[in-house]
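Asker: One letter stands for each residue in the lines below.
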Amino acid sequence: MTIRLAHYLRMNHMPHMWCPGSGIGIIVKGILTAFDELSINKNDLAFISGIGCTSRAPGYLDMYTLHTTHGRALSFATGVKFSRPDKNVVVISGDGDSTAIGGNHLIHACRRNIDITMIIVNNNIYGMTGGQYSPTTPTGAKAATSPWGNADHPFDVSALCKAAGATYVARAHVGSGVQLQRLIKGGLEHKGFAVIEVLSNCHTQYGRRNRLADPIDLINDVAKKTVNVRQAVKMSEEELEGKYVVGLIHKDESRKEYCEAYDEVIKRATASR
Amino acid sequence: MQKVLTGNQSAAWGAMCAQAQVVSAYPITPQTTIIEELADLVAKGLLDAKFIKVESEHSAMAGCIGAQATGARTFTATSSQGLALMHEELHWAALARLPIVMADVNRAMAPGWSIWTDQNDSLSQRDTGWLQFYCESNQEVLDTVIQAYKIAESVDLPVMLVLDAFFLSHTYEAVEIPGQEATRKYLPPYKPSIYLDVKDPHAFGGIVPQDVYMEFRYKMQVAMNEALDVSVKADEDYKAMFGRGYGVIEQYRMDDADTILVTSGTVASTTRAVIDDMKAKGQSVGMLKMKMLRPFPADLVREALEGRKRVAVLDRNICPGMGGIWSQEIRNALYHTPESKRPDVYGYIVGLGGRDVTPEVIEKIALDVQERPIKDGEQVWIGLKE
Ligand SMILES: Cc1ncc(C[n+]2csc(CCOP(=O)(O)OP(=O)(O)O)c2C)c(N)n1
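Chains as they are written, first to last, in the working numbering: chain G, 1 to 273; chain A, 274 to 659.
Honestly, the hints are just simulated from the structure, not real lab data. Note that the structure is a prediction, hence the values are computed from the model and not measured. Hints may contain errors.
Unchecked claim - In silico DSSO-like cross-links for lysine-lysine, where the CA-CA straight-line distance does not exceed 27 angstroms:
#, chain 1, residue 1, chain 2, residue 2
1, A, K323, A, K458
2, A, K512, A, K464
3, G, K142, A, K317
4, A, K637, A, K648
5, G, K225, G, K142
6, A, K323, G, K142
This is chain G alone, in the form it adopts within the complex:
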């Protein structure tokens, strides 16, 4: 089956502004493939982002797109979903956008379990503004703001989302495009708040400062640190230290979706009148 990538793209906006070798291309392809495999009509899609290199994606997508303020994409998306619950609402966001300036909105979207698919592109750095460390930069790694190594402890984004109440949490990496597509597809099919954290490569801002300037080297370095969930359950905490567990990490279909829960409250309120 051929995937209709161009169908979902604004080809007149090409060439794109992303660095050659950036993992974002693999991720956008994964998303569009999932749309096509699920036969999602592009007029039924709202694609929303904040600010950053990652967040430039909606500019290239031929659907209803909203490029919002830094960190707030989920808040805008909540407004869109609430007023049009019939639409597929997808958010794409960088690690800085979603867990630094927008961290508050992320945990609350998880908690509410609103039916939005959130793709977090975790490249361990603020790419767009020139390589400052982010809440996912590993301790000790170099960044424009930590030339002698980062002192902060990073977030485990997937664990954070699971703990905050997201009902679908998956982690993928750009070295494994097929798994990535499958996990995004699962997130789109899931009714409730779905997070797909994608480990990506910013060789330009992160790699160059950490002796991984070649995109392939950086993608391989990330791939080396991944462990599949099925393997991970057999491993001890020490063995998992410094590893990224990939695959479907958490899925809970028992919890009510937020828009539906809200409608029920309204039904109760109007029935008792």
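Given chain G's structure and the hints, the job is docking chain A with the ligand onto it.
Answerer: Same frame as chain G, now just chain A with the ligand:
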């Protein structure tokens, strides 16, 4: 010492000379290199400061507020969306009477997204209780950071200095750097009037009932009024010590000119060249450069403009529904001028979202204003596409 620096580096070197002790910031284009330069100065051992790298601008200002409240001298920098996000804490810093110094790199507000210069970000913070200074050159940026601490700490109010995105922030010029030792003679170490002290505990930020809140505001207004003279003197003292002064406003070749162009930021330096050219051709023109927005130097502006025929205010900003912000301020200042001496004030909107304000544009305005009949509150938009 002389160095070739960008406007952003100049801001950082200013904070280095002033020996800022805590820097709290969040990156945003085109401000980032200010913070990176400061990080570099700390790394090289030229500045003994601590960095707080936070998760948003709101937290950056909160970090400065916390550090300043312990008696430390603080510095931060931001731009556009970042400044807007700080808004709540800007009010806080001013009402808490903390002399924080911040550089804002003027960048247009979104949407549509723009990283280029205009003044709407800083001008929309004019009612927060911060002093505001607009700079024209990299040297002025550096000197203004140092002066800003002197002024802020004399009146216990925060100061924002403003520089244009890219035209200053990323453009190199030779800059004279006084260094920490010489600066200390002008700006002694910070002695806070109130701060967190375990030996003399105070409560900060408590609830204030209706019968005292107004008095807090009144004291702030009194301090703002004092800040005008303090700023004039801080600049004179600086000039006496380092040979460079700018004035809170500057009259450039205004002598007995009929037509005055009012400018701010980098548009001022382009306008200087235009004035020189036009004067050479026999035109009766001059320029008033506005450096200070708050407190507004109304008396000085009135003195400078009284008796002129007409004033063209070049506003690289727009207050929708009202017009250019500098032109509102200038009209307001001239309200009490007797009619016989009151010039007509024309508002021109220029250079929004970083559109270039070229010498041709400025000359066009200087000629246009001499022909145009005055209409109440009219705003003329220059360079609009059909
Ligand atoms: C309020 C505000 N603060 C700061 C910025 C500047 N800014 C733009 S993108 C960005 C960080 C982007 O990093 P990330 O979200 O990790 O995305 P990436 O560029 O790496 O894809 C920042 C700080 C902004 N646009 N708005």
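Asker: The structure should be examined with respect to each hint, and the outcome stated for every one.
Answerer: Structure-based check of each hint:
Taking the CA atoms of A:K323 and A:K458, the gap is near 23 angstroms; set against the 27 angstroms cutoff, the hint holds. About 23 angstroms separates the Cα atoms of A:K512 and A:K464, which keeps this hinted pair within 27 angstroms; it holds. Between G:K142 and A:K317, the direct Cα distance comes to roughly 17 angstroms. Compliance with the 27 angstroms bound is thereby established for this hinted pair. For a cut-off of 27 angstroms, the pair hint linking A:K637 to A:K648 stands: about 19 angstroms separates their Cα positions.
The hinted pair formed by G:K225 and G:K142 meets the criterion: a straight-line CA distance of about 18 angstroms does not exceed 27 angstroms. For the suggested pair A:K323 and G:K142, the alpha carbons sit about 18 angstroms apart, so the restraint of at most 27 angstroms is met.
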